[in-house]
Structure formats: C-alpha cells, structure tokens
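**Student:** The residues making up each chain are set out below.
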Amino acid sequence: MLELAIGIILGCCALGAGMAMIAGIGPGIGEGNAVARACEAIGRQPEAKGSITSTLFVGCAIAETTGLYALVIAILLIFVAPDMLVGILTSTLG
Amino acid sequence: MKKIDKTVLRETKFVAIWVIIFSALMQAVFLIINKWDYTVLLGNLLSGFCGVVSFFVLGLTIIKAISSGDTAYAKKLMRASQALRTLFMLAVCLAGALAPCFNIWATVIPVMFPRLSLLIRSFTVKRMGPFDTPTTDTAPVTEVTEAEPAEDEKEVNGVE
Chain Y
1 MLELAIGIIL GCCALGAGMA MIAGIGPGIG EGNAVARACE AIGRQPEAKG
51 SITSTLFVGC AIAETTGLYA LVIAILLIFV APDMLVGILT STLG
Chain C
1001 MKKIDKTVLR ETKFVAIWVI IFSALMQAVF LIINKWDYTV LLGNLLSGFC
1051 GVVSFFVLGL TIIKAISSGD TAYAKKLMRA SQALRTLFML AVCLAGALAP
1101 CFNIWATVIP VMFPRLSLLI RSFTVKRMGP FDTPTTDTAP VTEVTEAEPA
1151 EDEKEVNGVE
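Same order as they appear, the protein sequences are chains Y and C.
Heads up: the first sequence begins at 1 in the working numbering, then just goes up one per residue.
Heads up: the second sequence begins at 1001 in the working numbering, then just goes up one per residue.
Derived by calculation from the structure, the hints in this document are not laboratory data.
Don't be surprised by glycine CBs; every beta carbon is placed ideally from N, CA and C.
Incorrect hints may appear among the rest.
[As the list claims (entries may be wrong)] Stretch by stretch, here's where chain Y covers chain C in the computed footprint (C-beta under 8 Å, at least three residues): (1) 1035-1049; (2) 1067-1074; (3) 1082-1092; (4) 1113-1121.
Make the full structure from the sequences, and use the hints.
**Tutor:** Here it is, written out as structure tokens:
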C-alpha cells in the first residue's frame, strides 16, 4: 500500500512538471510577435528606434518570466517535492 | 569584432548590478537562517552569472532581429532564441540539482533575479516617463500658451 502511494506521488510530480512546462511555449510566440511589431514600428518611424528598443527589452524580458517560473516549478516538482512528500507520508504512516 | 549596441550594454549593466544586490540579500538570508555553506555561494554564482548572460543574449537577439527588418525572420529568430535560452537555464538548474557542490535552492532562486530587476526597471521607467530618449517631433510642453477665446465665447462671457 505504501509503495502504491509513493508511486502515485512520484507520478503526479512528474505529470505536474510536464504540465508546468506547457507554459514555456507561450513566451516564445509572444516575444516573436512583439519583435515583429517592433520591426514594423521602426519601419514606420525610424527616428524612434532607441525608445522602441528600450521598451521592447523590458517587455521581452518580462514576457520570458512566465517560462522561467514554469521551469523553476518543474525543477522543484522533480527534485524537491517527491522527497518532501514521501517523507511526510512515511512519517504520517509511521 | 562587431560593436555591441549601447542599449544592450546599458540594460545588461543595470540587470547585473541588481542581480549582485539580490544575491547579497539572498546570502544574508541564508546566513540568518543558519543554512549557509559554500554550496549556497557556488549555486548563487553559477545561476546569477548565467541569468545575466541569458539576458545579454536576449538583448543581442533583439538587436539582430530588429536590424534585419524582416518580420517573419524576426519571429523565427526570437522563438529559436527563447527555446535555446530556456534550455540553457534548464541545464543550469539541472546542474544545481544534481551536482553536490551546488545548493538547489541557491541555484533555482537567482534564475528569477534578472526579472525582478526588470520589475524595478519598469517602475523607474514609469516614474521617468515612457521613453529614455525624447523624440524630436513632439512639441515641448513649456511652450504651450493659452489660446485666445473664440468669438462666440467672448459674446457669452461678455468680453468686448
């Protein structure tokens, strides 16, 4: 019974890590769209290149935050959460 | 050797300074909770350095994509760059988790420091104004003068 519970915990952690990494798809698409629009904007107003680039920098980096949060959560779910949860389970069941 | 864009260097410098500040704070917290050892320092150094490098590469990619002028190419370049940078950070986190000389918490937490510094940056930009360099085609606010009232308004207000 204990082995089954540990197996379920490990499986759920792996599943959660995989699902968290779905969030890594979005930032790439978003950054691509943002830079494409910035290209168009610079084409229309070349004199505003400096300000567009500065704003784009901050925007892209903040957009990427989502992917990095997902990565951190996935890493913690794989390497930290199983040990903690199994420890809690075994200490509860004695 | 190709010259690096000034905006990239300026932003990277800002991020690097704030990463150092946040790292010092994290080390202080580890010291306070009595969990500090050399693995915390090594993990922090690895992760902080790689975070700044990732941001620098992001800047270089943006400059390259913008200077190309082709929107389709820019989209593809940014997607490829984002995927590669995420894999790079994944490798860093895996090294922190698997190698015994790195503390996993001290490796994973600094990954988010460049983004925290950009949050501070966004507050600073909001306070200063939306853009660092004002464009020349906008009229200065100080030169705006009060307009003469229209004829209809003069009649209504009784002004002769």
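**Student:** Please go over all the hints and tell whether each is borne out by the structure.
**Tutor:** Status of each hint after checking the structure:
Only when three residues or more bring their CB closer than 8 Å to a CB of chain Y does the claim for the segment 1035-1049 of chain C stand; here the count is 0, and the claim is violated. Interface restraint, the segment 1067-1074 of chain C with chain Y: holds (6 residues with C-beta to C-beta distance below 8 Å; minimum three). For the segment 1082-1092 of chain C, the stated coverage by chain Y holds: 6 residues have a C-beta nearer than 8 Å to a C-beta of that chain, and at least 3 were required. With 5 residues having a Cβ less than 8 Å from any Cβ of chain Y, the segment 1113-1121 of chain C passes the three-residue criterion, so the hint holds.
Hint check: a violation occurs at hint 1 only; the rest are consistent with the structure.
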